[in-house]
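Chemist: Letter by letter, the chains look like this.
2 protein chains.
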Amino acid sequence: MSRTLAKVDYSEEEIRQAEIAKALGHPLRIKIIKLLSIQSCCCTGDLTAVFPLAQSTISQHLKVLKDAGLIQGNIEPPSVKYCLHEKNWPAAKQSFRQLFED
Amino acid sequence: MSRTLAKVDYSEEEIRQAEIAKALGHPLRIKIIKLLSIQSCCCTGDLTAVFPLAQSTISQHLKVLKDAGLIQGNIEPPSVKYCLHEKNWPAAKQSFRQLFED
DNA sequence: AATGTTCATCGCAAATATACGATATTTTTT
DNA sequence: AAAAAATATCGTATATTTGCGATGAACATT
Numbered sequence: 001m002s003r004t005l006a007k008v009d010y011s012e013e014e015i016r017q018a019e020i021a022k023a024l025g026h027p028l029r030i031k032i033i034k035l036l037s038i039q040s041c042c043c044t045g046d047l048t049a050v051f052p053l054a055q056s057t058i059s060q061h062l063k064v065l066k067d068a069g070l071i072q073g074n075i076e077p078p079s080v081k082y083c084l085h086e087k088n089w090p091a092a093k094q095s096f097r098q099l100f101e102d
Numbered sequence: 001m002s003r004t005l006a007k008v009d010y011s012e013e014e015i016r017q018a019e020i021a022k023a024l025g026h027p028l029r030i031k032i033i034k035l036l037s038i039q040s041c042c043c044t045g046d047l048t049a050v051f052p053l054a055q056s057t058i059s060q061h062l063k064v065l066k067d068a069g070l071i072q073g074n075i076e077p078p079s080v081k082y083c084l085h086e087k088n089w090p091a092a093k094q095s096f097r098q099l100f101e102d
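Residue numbers (our numbering), protein chains in the order written: chain L, 1 to 102; chain P, 1 to 102.
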C-alpha cells in the first residue's frame with residue numbers, strides 16, 4: 001500500500017463513493033445512520049445506553065462517520081447532538097444512488 | 001476486535017448492508033462494479049490492461065467482490081468472465097437503496 | 001511432452017481498522 | 001472552587017486490508 005509507484009486514475013466521484021462505502025462498512029455505523037434517519041438526532045450517550053460497547057468505541061465510530069462527512073455534531077450542552085450532515089448526506093445519497101441505478 | 005465479550009445485536013440486513021458497503025469501500029472496486037454495470041462482463045486480463053496494478057492485486061480485489069457475492073466469475077476458457085452476480089447484485093441494490101431512501 | 005496463457009493463491013511488509021481502558025477536555029451543577 | 005457529566009483522544013493489542021512478487025493450477029497450442 002502506497003508502495004505503489006504507478007497510480008490508477010480515479011475520478012473524484014469514484015473516490016468519494018468509495019469513501020462513503022468505507023464509512024458505512026461496519027454494522028454499528030449502519031445502525032447509527034439508520035437511527036439518525038429515523039429520529040433525526042442523538043447523542044453519544046444515547047448510543048452508549050443502547051449498545052454494549054465502550055464509550056470510546058462508539059465515539060470512534062462516530063468519528064469515522066463524521067470524518068467521512070456523513071454526520072455532523074452540534075454541541076448542545078451538556079451533550080453533543082449528532083445528525084445526518086445537512087448538506088453532505090443528501091449529496092452522498094445522490095452520488096451513491098447512481099451506482100445502484102438500473 | 002473479537003476481544004469483545006458483549007455482542008451488539010445486529011439484524012441480518014444490517015450485517016449484509018455493512019458487508020456490501022465494505023466490499024465497495026475501495027475506488028478500484030467501485031470502478032470494477034461500474035464497468036460491469038456498463039459492459040456486462042470482463043475478465044481479469046481486461047482489468048490488468050487498464051489499471052497499472054499487479055495482476056495479483058486485481059485478482060484480490062475481484063475476490064473481495066466475489067466473496068461479498070456482488071460478482072460472479074464464469075469460467076470461459078481460456079479466461080474467466082466476471083459479471084455482476086445475477087441474483088445477489090439486484091438484491092444488494094435493493095437492500096442498499098433502503099438506506100438511501102428519502 | 002513442452003510451452004504459453006490466464007488466473008488464483010501464498011507469503012511478505014506496511015498501513016489501517018477495531019476494540020478497550022485510561023486520561024484529558026469541556027461545560028454544568030453544586 | 002470543586003465535583004459531576006458528557007465526549008473526545010491517547011496508547012495499546014490484535015486483526016484486517018492493501019500492495020507486491022513468486023509460485024501454482026488449468027487449459028490450449030505447438
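No wet-lab data here; the hints were simulated from the structure.
Any given hint might turn out to be false.
Repeated chains share a single entry, so a pair holds when one copy, or any two copies, can fit it.
Unchecked claim - Straight-line Cα separation of at most 20 Å, EDC-like style, residue types lysine to aspartate or glutamate; simulated pairs:
no. : residue 1 : residue 2
1   : 87        : 67
2   : 66        : 9
3   : 22        : 46
4   : 93        : 13
5   : 93        : 19
6   : 87        : 9
7   : 22        : 12
8   : 22        : 67
9   : 87        : 102
10  : 66        : 76
11  : 93        : 9
12  : 34        : 19
13  : 63        : 86
14  : 7         : 102
15  : 7         : 76
16  : 81        : 46
17  : 81        : 13
Chemist: If a hint holds in the structure, say so; if it doesn't, say that too.
Modeler: Hints and how they fare:
| no. | hint | verdict |
| --- | --- | --- |
| 1 | 87 with 67 | within (14 Å within a copy, 34 Å between copies) |
| 2 | 66 with 9 | neither (26 Å within a copy, 23 Å between copies) |
| 3 | 22 with 46 | neither (24 Å within a copy, 26 Å between copies) |
| 4 | 93 with 13 | both (12 Å within a copy, 19 Å between copies) |
| 5 | 93 with 19 | both (13 Å within a copy, 18 Å between copies) |
| 6 | 87 with 9 | neither (27 Å within a copy, 31 Å between copies) |
| 7 | 22 with 12 | both (15 Å within a copy, 19 Å between copies) |
| 8 | 22 with 67 | both (11 Å within a copy, 16 Å between copies) |
| 9 | 87 with 102 | between (25 Å within a copy, 14 Å between copies) |
| 10 | 66 with 76 | within (17 Å within a copy, 45 Å between copies) |
| 11 | 93 with 9 | neither (23 Å within a copy, 26 Å between copies) |
| 12 | 34 with 19 | both (18 Å within a copy, 16 Å between copies) |
| 13 | 63 with 86 | within (16 Å within a copy, 36 Å between copies) |
| 14 | 7 with 102 | neither (30 Å within a copy, 37 Å between copies) |
| 15 | 7 with 76 | neither (44 Å within a copy, 30 Å between copies) |
| 16 | 81 with 46 | within (10 Å within a copy, 48 Å between copies) |
| 17 | 81 with 13 | neither (29 Å within a copy, 26 Å between copies) |
Checked against the numbered hints listed earlier, the structure breaks hints 2, 3, 6, 11, 14, 15 and 17; every other hint is satisfied.
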